[in-house]
Amino acid sequence: MKLVLVGGFLGSGKTTAIVKACQQLIHQNKKVGVITNDQGSQQVDSEYVKSFGIPAGEVANGCFCCNYDQLDSELQSLREKDQPEIIFAESVGSCTDLIATLVKPLNNTRPDIKIVVSVFADAELLSSLIEGNSSFLEDSVRYLYRKQLEEADFLVLNKTDLLKPKQLGTVDKVLKSAYPNKIILHQNSLRDQDISRWLESMEQFTQYPKRNSLTLDYDVYGEAEGKLAWLDKRITITTANDNCVFVIRKIIGSIFNQIQTHHFTIGHLKFFLAADDWNEKVSFTTTSTSEDVSIRDHRTNSIRVLINARVQTNPMSLEKLVDDVLTKAEGAYQCTIVTENRSSYKPDYPRPTHRMG
1064 MKLVLVGGFL GSGKTTAIVK ACQQLIHQNK KVGVITNDQG SQQVDSEYVK SFGIPAGEVA
1124 NGCFCCNYDQ LDSELQSLRE KDQPEIIFAE SVGSCTDLIA TLVKPLNNTR PDIKIVVSVF
1184 ADAELLSSLI EGNSSFLEDS VRYLYRKQLE EADFLVLNKT DLLKPKQLGT VDKVLKSAYP
1244 NKIILHQNSL RDQDISRWLE SMEQFTQYPK RNSLTLDYDV YGEAEGKLAW LDKRITITTA
1304 NDNCVFVIRK IIGSIFNQIQ THHFTIGHLK FFLAADDWNE KVSFTTTSTS EDVSIRDHRT
1364 NSIRVLINAR VQTNPMSLEK LVDDVLTKAE GAYQCTIVTE NRSSYKPDYP RPTHRMG
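Under the numbering used here, the first residue of the sequence shown is numbered 1064, with each subsequent residue one higher.
Treat the hints as calculated values from the structure; they're not laboratory data. Keep in mind that this is a model prediction, so the values were computed, not measured. Honestly, I wouldn't trust all of these hints.
Stated by the list, open to error - Cut-off 30 Å, straight-line C-alpha distance, at most; resulting in silico cross-link-like pairs (DSS-like, lysine-lysine): (1) Lys1239 with Lys1167; (2) Lys1273 with Lys1094; (3) Lys1113 with Lys1313; (4) Lys1273 with Lys1245; (5) Lys1065 with Lys1144; (6) Lys1313 with Lys1290; (7) Lys1245 with Lys1210; (8) Lys1210 with Lys1409; (9) Lys1391 with Lys1313; (10) Lys1239 with Lys1210; (11) Lys1344 with Lys1065; (12) Lys1344 with Lys1391; (13) Lys1177 with Lys1094; (14) Lys1210 with Lys1344; (15) Lys1239 with Lys1177; (16) Lys1239 with Lys1229; (17) Lys1245 with Lys1094; (18) Lys1290 with Lys1383; (19) Lys1094 with Lys1167; (20) Lys1344 with Lys1383; (21) Lys1177 with Lys1210; (22) Lys1245 with Lys1093; (23) Lys1144 with Lys1210; (24) Lys1290 with Lys1245; (25) Lys1227 with Lys1239; (26) Lys1273 with Lys1290.
To be verified - Simulated DEER-style distance windows between Cβ atoms: (27) Arg1414 with Ala1303: 26 to 34 Å; (28) Arg1209 with His1090: 46 to 54 Å; (29) Gln1086 with Gln1270: 22 to 30 Å; (30) Asp1305 with Gln1086: 25 to 33 Å; (31) Asn1364 with Asn1124: 30 to 38 Å; (32) Asp1202 with Asp1411: 19 to 27 Å.
Where a beta carbon is used, it is the ideal one built from N, C-alpha and C, also for glycine.
Build the full structure now, drawing on both the sequences and the hints.
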């Protein structure tokens, strides 16, 4: 069996690529599985993956590294229940140190599993970092970002369609100079041929190297994770005239606009919307500049919404911002909004279960 560890910063397009890859593999009559991961227990990514009927497990309340036993249990459960030929395990976007804390321990306990590490990088974000105009100015966050790229077998430069040719050339040159031994793929994960190339490249990958563990300052790593506030909120919206999709479209736009107004930097802001047999995922990242959202029309008087917000501020401010938007929406659109579950927090200091040098 093959395990693809998919790393990379928040909003780099990991989940979209995984779903597209699974759909292609299923079409080829191959069995697949996915394990999602988040610092919280309410995961948009997990619900999104499951909405496609893809066998999936999840590791919650902390990264894979700090919940190794839970990851191992999910791997075993998927293997017993679904007999997958390939499992994609997507680490939370603030995580790094996968070689020392996951790959090496798994190589010891599950030597029959071939492990590939694919790390995704948002081409727009990387370009802005190179050009010096990224909103992520903190040294600790940049340090975390660089360390994620450092341990890739495959460095997937994703969303390349959003760059001009000259920008893409500059980014490619910088990556090849900084990581001369990496396999670098340019990818738009919405293009079937790009996903096929990613899968084929990993299938042909036979040089499972003696990987080196990162030299990592855990204090700086922990500081970087602590720069972001995390908010998970599950709500139900009801209206009298079947216009819930219109209402949630306005709410999503208002939340995005308020974050911009407060000059908070978005790590990742995502929503999973569900009503009857209809669902949609909406996502904003660091490089998003417009509140315009594409949501398929659907007539319903009730919609379930899961919000995952990872934003550079403090948890109290983020929660208040979202609550204020929801309160105003109830008055403006004559709707009822009920909060089913909520949590806001900053991640704990990273303490991996295992770390092998």
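Okay, the hints, checked on the actual structure:
{"no.": "1", "hint": "Lys1239 with Lys1167", "verdict": "holds, 26 Å"}
{"no.": "2", "hint": "Lys1273 with Lys1094", "verdict": "holds, 28 Å"}
{"no.": "3", "hint": "Lys1113 with Lys1313", "verdict": "holds, 26 Å"}
{"no.": "4", "hint": "Lys1273 with Lys1245", "verdict": "holds, 14 Å"}
{"no.": "5", "hint": "Lys1065 with Lys1144", "verdict": "holds, 16 Å"}
{"no.": "6", "hint": "Lys1313 with Lys1290", "verdict": "holds, 28 Å"}
{"no.": "7", "hint": "Lys1245 with Lys1210", "verdict": "holds, 14 Å"}
{"no.": "8", "hint": "Lys1210 with Lys1409", "verdict": "holds, 21 Å"}
{"no.": "9", "hint": "Lys1391 with Lys1313", "verdict": "holds, 11 Å"}
{"no.": "10", "hint": "Lys1239 with Lys1210", "verdict": "holds, 16 Å"}
{"no.": "11", "hint": "Lys1344 with Lys1065", "verdict": "holds, 28 Å"}
{"no.": "12", "hint": "Lys1344 with Lys1391", "verdict": "holds, 23 Å"}
{"no.": "13", "hint": "Lys1177 with Lys1094", "verdict": "holds, 16 Å"}
{"no.": "14", "hint": "Lys1210 with Lys1344", "verdict": "holds, 29 Å"}
{"no.": "15", "hint": "Lys1239 with Lys1177", "verdict": "holds, 26 Å"}
{"no.": "16", "hint": "Lys1239 with Lys1229", "verdict": "holds, 15 Å"}
{"no.": "17", "hint": "Lys1245 with Lys1094", "verdict": "holds, 28 Å"}
{"no.": "18", "hint": "Lys1290 with Lys1383", "verdict": "holds, 18 Å"}
{"no.": "19", "hint": "Lys1094 with Lys1167", "verdict": "holds, 25 Å"}
{"no.": "20", "hint": "Lys1344 with Lys1383", "verdict": "holds, 23 Å"}
{"no.": "21", "hint": "Lys1177 with Lys1210", "verdict": "holds, 23 Å"}
{"no.": "22", "hint": "Lys1245 with Lys1093", "verdict": "holds, 28 Å"}
{"no.": "23", "hint": "Lys1144 with Lys1210", "verdict": "violated, 35 Å"}
{"no.": "24", "hint": "Lys1290 with Lys1245", "verdict": "holds, 29 Å"}
{"no.": "25", "hint": "Lys1227 with Lys1239", "verdict": "holds, 18 Å"}
{"no.": "26", "hint": "Lys1273 with Lys1290", "verdict": "violated, 33 Å"}
{"no.": "27", "hint": "Arg1414 with Ala1303: 26 to 34 Å", "verdict": "violated, 50 Å"}
{"no.": "28", "hint": "Arg1209 with His1090: 46 to 54 Å", "verdict": "violated, 36 Å"}
{"no.": "29", "hint": "Gln1086 with Gln1270: 22 to 30 Å", "verdict": "holds, 28 Å"}
{"no.": "30", "hint": "Asp1305 with Gln1086: 25 to 33 Å", "verdict": "holds, 31 Å"}
{"no.": "31", "hint": "Asn1364 with Asn1124: 30 to 38 Å", "verdict": "holds, 34 Å"}
{"no.": "32", "hint": "Asp1202 with Asp1411: 19 to 27 Å", "verdict": "holds, 21 Å"}
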